[in-house]
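Student: These are the residues of each chain, in order.
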Amino acid sequence: MQTAIEPQDFTGLQARRQALDAYWQQGISGYTLLRKHSDFVDHHLASNFEKSVPAGEGFALVALGGFGRKELYPFSDIDLMLLYDPAQKEKLPGLVEATLYPLWDTGLEVGHAVRTVDECMAAAAEDFFFRVAMLDARLIAGSVSLYTQLTEIYKTEYIEGRRREFLDGMLEQRIKRENQYGRHTYLLEPHIKESCGGFRDIQSMVWTAQVVFGLKDLTAMRQAGLLSLEEFKKFEKAQDYLIRIRNRLHYLSDRKNDQLFFEHQEEMAQAFGFTNEKDMLAVEHFMREVYGHMQTISVTTDLFFEHVEEVLGREDEQKMAKILEPGIEVRNNKIHLVNTELIQSKPQLFMRLFYQSARTGKPLHFRTRKTITANLYRVDANLRHSRRNAKLFLALLVAPEPFRVLEEMLDTGFLTAYIPELAKVESLAQHDVYHVFTVDRHLLQTINELQQLIEEDANTYAEVNSPHILFLAGLLHDVGKGFGQGHADRGADLARKIGERIGLKTEELDTLDFLVRNHLFLSHTAQRRDLEDEELIMRCARRVNTEEKLAMLYLLTIADARATGPTVWNDWKAALLLELYLKIALVLGRRDISGHEQARSAKLGAQWIRDKVSELLPAGDKINFTLFSDDYLLSFPPEVIVEHITNAKKLDTQDVLIFHEQSTESWSLLVMAKDRPGLLARIFGVLALHNLNVLAAKIFTWADGTAVDTIEVSSAISEVYEWQDWAAMENELHLAIKQRLGLEHRLNQKLAPLRSKPLGTQKRLAAKVTIDNQASELYSVIEVFSEDRIGILYDITKTLSDFGISIYRARIGTKADQIVDVFYVLDNDGKKIEDPAFKDELQQGLLYAVKNE
Amino acid sequence: MKKIEAIIKPFKLDDVKEALNGIGIKGMTISEVKGYGRQKGHKEIYRGAEYIVDFIPKVKLEIIVDTPQVDEVIETICQAAKTGKIGDGKIFVLPVDEVIRVRTGEKGKEAI
Chain A
1 MQTAIEPQDF
11 TGLQARRQAL
21 DAYWQQGISG
31 YTLLRKHSDF
41 VDHHLASNFE
51 KSVPAGEGFA
61 LVALGGFGRK
71 ELYPFSDIDL
81 MLLYDPAQKE
91 KLPGLVEATL
101 YPLWDTGLEV
111 GHAVRTVDEC
121 MAAAAEDFFF
131 RVAMLDARLI
141 AGSVSLYTQL
151 TEIYKTEYIE
161 GRRREFLDGM
171 LEQRIKRENQ
181 YGRHTYLLEP
191 HIKESCGGFR
201 DIQSMVWTAQ
211 VVFGLKDLTA
221 MRQAGLLSLE
231 EFKKFEKAQD
241 YLIRIRNRLH
251 YLSDRKNDQL
261 FFEHQEEMAQ
271 AFGFTNEKDM
281 LAVEHFMREV
291 YGHMQTISVT
301 TDLFFEHVEE
311 VLGREDEQKM
321 AKILEPGIEV
331 RNNKIHLVNT
341 ELIQSKPQLF
351 MRLFYQSART
361 GKPLHFRTRK
371 TITANLYRVD
381 ANLRHSRRNA
391 KLFLALLVAP
401 EPFRVLEEML
411 DTGFLTAYIP
421 ELAKVESLAQ
431 HDVYHVFTVD
441 RHLLQTINEL
451 QQLIEEDANT
461 YAEVNSPHIL
471 FLAGLLHDVG
481 KGFGQGHADR
491 GADLARKIGE
501 RIGLKTEELD
511 TLDFLVRNHL
521 FLSHTAQRRD
531 LEDEELIMRC
541 ARRVNTEEKL
551 AMLYLLTIAD
561 ARATGPTVWN
571 DWKAALLLEL
581 YLKIALVLGR
591 RDISGHEQAR
601 SAKLGAQWIR
611 DKVSELLPAG
621 DKINFTLFSD
631 DYLLSFPPEV
641 IVEHITNAKK
651 LDTQDVLIFH
661 EQSTESWSLL
671 VMAKDRPGLL
681 ARIFGVLALH
691 NLNVLAAKIF
701 TWADGTAVDT
711 IEVSSAISEV
721 YEWQDWAAME
731 NELHLAIKQR
741 LGLEHRLNQK
751 LAPLRSKPLG
761 TQKRLAAKVT
771 IDNQASELYS
781 VIEVFSEDRI
791 GILYDITKTL
801 SDFGISIYRA
811 RIGTKADQIV
821 DVFYVLDNDG
831 KKIEDPAFKD
841 ELQQGLLYAV
851 KNE
Chain B
1001 MKKIEAIIKP
1011 FKLDDVKEAL
1021 NGIGIKGMTI
1031 SEVKGYGRQK
1041 GHKEIYRGAE
1051 YIVDFIPKVK
1061 LEIIVDTPQV
1071 DEVIETICQA
1081 AKTGKIGDGK
1091 IFVLPVDEVI
1101 RVRTGEKGKE
1111 AI
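Read top to bottom, the protein sequences are chains A and B.
Take 1 as the starting number for the first sequence in the numbering used here and just add one per residue.
Take 1001 as the starting number for the second sequence in the numbering used here and just add one per residue.
To be clear, the hints were calculated from the coordinates, so they are not data collected in a lab.
Note that this is a predicted model, so its numbers are computed, not measured.
Don't take each hint at face value.
To be verified - Capping the alpha-carbon separation at 27 Å, the derived lysine-lysine pairs in BS3-like fashion look like this:
id, chain 1, residue 1, chain 2, residue 2
1, B, Lys1085, A, Lys573
2, B, Lys1017, A, Lys573
3, A, Lys573, B, Lys1090
4, A, Lys573, B, Lys1109
5, B, Lys1107, A, Lys573
6, A, Lys573, B, Lys1082
7, A, Lys698, A, Lys831
8, B, Lys1060, B, Lys1017
Extracted from the complex, chain A is given alone in its bound form (with noise of 0.2 Å):
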């Protein structure tokens, strides 16, 4: 075995490098290469200096900052600082040109200073960095009185007394690193020294403890239990791997380099002994390290800062306690668990700390934060399965903040333990220059922007009804990374498996499956396909299905693009998205009522139900398929259609035929007659008059003029279907139809009190109308949005039929408080509505109508 290299085997600092290389092959690395650094350099130094003033009285020299801390890394500044007695000052240049010059020709940067004792202190003054550069004085040669003297008088000016200006000093400059290198770590390309979880966090820690509670180091703070044992365990080994990073980076850069640039991740994943595997990169191994243990460093600075604040709060801000559930409190605007012993018994505590912190908008306290970390072993399986768990899970994931809350319960390690599938996306990174986060913060980030959507597309998020879904969906659609290709569809079937844990519904299930699963599915057609090509927007709106569909997933969308970095969103790609948003929500809105959209493949379909229908019917029946558009045949199954077609024999004796049902969900009507202006309003009239509230209508037209109108209900005022007059409701149609029921005073009568309900603390919707003539070949397309109300429809077809218009088609949608109706129309003269006063005049008698109240 070789014998150890010490200092004095090199002659003079300019060996320094030789000296470096010779550690370095001997094995040393970690902290003990940086001790040997700075003995070395302490020893040439000390020689030097000693050579020139043999008695050292006088004069010190003391190494101040990271070289003071013995922490010598191979391109680390040299801080220096020669101190000397105003009655020696003769003798000072000799000694600078022994002590100093030596050290310019290493090549490194020396930071150095020749000071009284006074004259440092004037400096202290001032300068908070040479006051906190002063905490690692360190005496490499000379006067041991000199020394000391300036540490008694630096100690008794500013330390004793002045704990708090300098934990604000601290806070300040914590703040001001965070703003300029990113509040996380997880950054693409960290900064090993000043980034969030870096060397600057620890030394401020340190710091700090040191003038807080005079502790001198991480061992001191774990005896004053300051850090748990398994807290100090953890930041060491974090702490250890950061020296070897940043001894490593600095020689493989040749330079005084802190940050982990992306050219030398590679470099540095093999140098620590990272390789290849089927699944993972080496360096993705590498940088997942390394973001873990910057993790580390940011959770416990974290903890530490808020903990030292509170031990030197001010007491102003002591206030009374508020209990919001047993063992959970408000106290100084921060949620306290009572009592750290209750989490044991009571598991279903971990979550409803974060509920509470979800629901008030205040943070965990520190104290609380440690207890649920230390405790998470009690997070099992019944807790997983709890349905009230997860019921106040998906709470808090609609609540206002949920990116705030989710963070918490990430860096708790709660988040990972109440879902292990999410362990194994916790910092985990992905080598390219797109992904700016790891995938884990990828992921709350999402959150963050699907947060942020809500008001921003606020049109598109109204479509949304169960935001609860579209917010796992966000915080679950790279749960199948880590794995190699094809994550979509393996994080779909993860999320499917985390759902039925936490008793989602099967259309729940259903909708999150799809959303991850086609997370990159818009995208990717966007960029790739012809938006032009109407056979790929069919395609996709049957991939998609649904309107709410199709607005979860553009949302999550851009959400997941505008979370992974800065180069993936802009608004090229965002103009192509929405191009391709609007072409699929266009076909999916209009599905059963446009025609020539569905070209090739409706065309077949109809075909197919025209056979269909002539089997059915009995032989004998001559039938004319004229008279059916393509659209109509293929709203209804073939057996219904038989049904219209026999129906309609009875319209030569009667004025209208009524049928009605009980559905799943509403009540079916079918409505038949000889079409004749205003058909449709008085049908609407009467409905109203029943109470009976139009959810949605199919209304068809034969080419002979028989009125094939189907209409879902539901009764504003009973549940029960047998309740209804039905009698009563066939009776009045018959009178309204013949022309014999004065359906406007009746209404006005009967809605008088209705209209005068009091609106709600919702917000009204403006009222809105547009007539479309590009929309249809045939038809001018009317689309009116309002608020809905009783009546509201007969008020529209009225008013439609008072100018005249024929409605050919009409799809009526009701949605929470707000009617989409759409109709299909001509003028009485069978022509589009082109001519511009007259748009203009319907429009307008349109808006009155449905704002008449």
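Place chain B on chain A using the hints.
Tutor: Only chain B this time, still in chain A's reference frame:
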């Protein structure tokens, strides 16, 4: 030497790139651009909200080629980028005075 600038539909990028590789074009600069020509922007109305698409997203390719190869490159791009519909794009040919490879200092044809 000429610089060929082609504005094409985004989804045609892969086809065009592949076709150009096929005739030996090894390098190009690609950027995401927006604009309008005969294929004007348009207004979409959905659920009462107006969405105005005033500039249409396109991809711009920039390729430097030796003059004899210009026609072949233009033809290749045309073939690969064509859908036959409005908005298929445009190609511009510009003269280039000099090309210099930064690393080696090579000039002219050698540097392409």
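Student: Would you pick out the hints that fail for this structure and give their numbers low to high?
Tutor: 4 and 5
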